[in-house]
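Engineer: In case you want the letters, here they are:
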Amino acid sequence: MVFENSEIDSGSSIIFRIPARLADVRLVGISVHSLFSKMGFGDVDTFQLELAITESANNIVKHAYNYEENVYITVKFTITEDRVICTFVDTGKFENFLKNNGQGEIATDTKVLPPDSRGICIICDVMDEVSYRRSGDRNVLTLVKYFD
Amino acid sequence: MDIVLDLSSVDFVDSTGLGAIVRCLKELNGRGQLVLCGVNEMVLSLLKMTRLDDIFIQAADRDEALKRLKLEQEKKAAAAPVQKETEDTVVKPKEEKPKSKGFDESLLASLSMEDGEAVQEVDTGERRRHRRITNKQILGEDIIVYCSSNTSGKRITGVILDISPSGLLLVSPSKLSVGDEFVITGRIGRNFKFRERAVIRNYRDGKYGFEFIKPTRETTSFLNQLTGSVMLSAKGRLNS
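Here the protein sequences come in this chain order: C and A.
Per our numbering, the first sequence runs over residues 1 to 148.
Per our numbering, the second sequence runs over residues 1001 to 1240.
Listing some non-contacts, in silico: residues in chain A with all C-beta distances to chain C over 12 angstroms:
| id | residue |
| --- | --- |
| 1 | Leu-1007 |
| 2 | Arg-1031 |
| 3 | Asp-1054 |
| 4 | Asp-1063 |
| 5 | Glu-1074 |
| 6 | Ala-1077 |
| 7 | Val-1171 |
| 8 | Phe-1194 |
| 9 | Arg-1195 |
| 10 | Glu-1196 |
Only part of the chain A face toward chain C is listed, based on derived beta-carbon distances under 10 angstroms:
| id | residue |
| --- | --- |
| 11 | Asp-1011 |
| 12 | Thr-1016 |
| 13 | Glu-1041 |
| 14 | Met-1042 |
| 15 | Ser-1045 |
| 16 | Leu-1046 |
| 17 | Met-1049 |
| 18 | Arg-1051 |
Hints were generated in silico from the structure; no laboratory data involved.
Being a predicted model, the structure only gives us computed values, none of them experimental.
All residues carry an ideal CB built from backbone N, CA and C; glycine is no exception.
All chains should be modelled from the sequences, with the hints used to inform the complete structure.
Structural biologist: As structure tokens, then:
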């Protein structure tokens, strides 16, 4: 069951549970594009959310799971009056990709990110808040984007 | 060999896709041009976001791309003899390159899409110990440093093109020689000031490659953090 994960509250949210494979990540990207587009988001916001979600899930496949098979990513999208919250939960290795940016665990200035972390740079650039933490045996990545 | 990459049917690219395009450009290694055409607004915004828009030649469509390539080839052919004549004799000041007319080799050499990569190959065959980061990636503006020679008393001013924990690439209108030793003083951002001894290891096209001589722990630590480089001990273990 998706809701057995304590990091994800049930409620008015949409939850995806996908195999941690790059091909399936792309399908989530396409799905959220369609979802946010139908919900009335503009082209730019929709593209940016699709981009951040794809980059985040790609990172989990590559770095947390190291392309391991038969593992899953749970993604929850919550939309409130002023923001979209995307929560990614995986059970892979905790590798804090925000640690090298010289700003602690929450990146706010993407200009000081190392040049090889282009995916992370993109996520931080298009989202308003990015946090990553370990909770029990799970990794929780949270992205927040506020509406203009 | 020149390549025209038509992206008119592409409405989504992520960092993996960008990595593939950058690798393509790296493979060309200056032996040809890569022109992107039909880039839609969203993909263009991604190129700008990742500061890659300056290193790719862009055209509206295939026809324009081919015209641009032809023009570039003609310019290159016309400029070749003049360039050869002045090479190695004149130190040119840094010039502003017009947008979309080519790519900055130093920026290109610093690009890496592979996480965890600790060394980079550059076109001289040199194997680098650390990642480099360009001035644009740090502040988006020029970082000016002051160099003074203990032996000759010479004082010069230069602009950093890229920097790593091992050294920096500097452009300066002054004429210097490989082997010259300087004390370099500068500041990165508001708070970090540095003063390090460095020696000129190489020179090409008005750019001087300086290697730090016994850099301070503070500078090494700051630059390691800035560039995301890691230090390997003799046993190959990571030193944080």
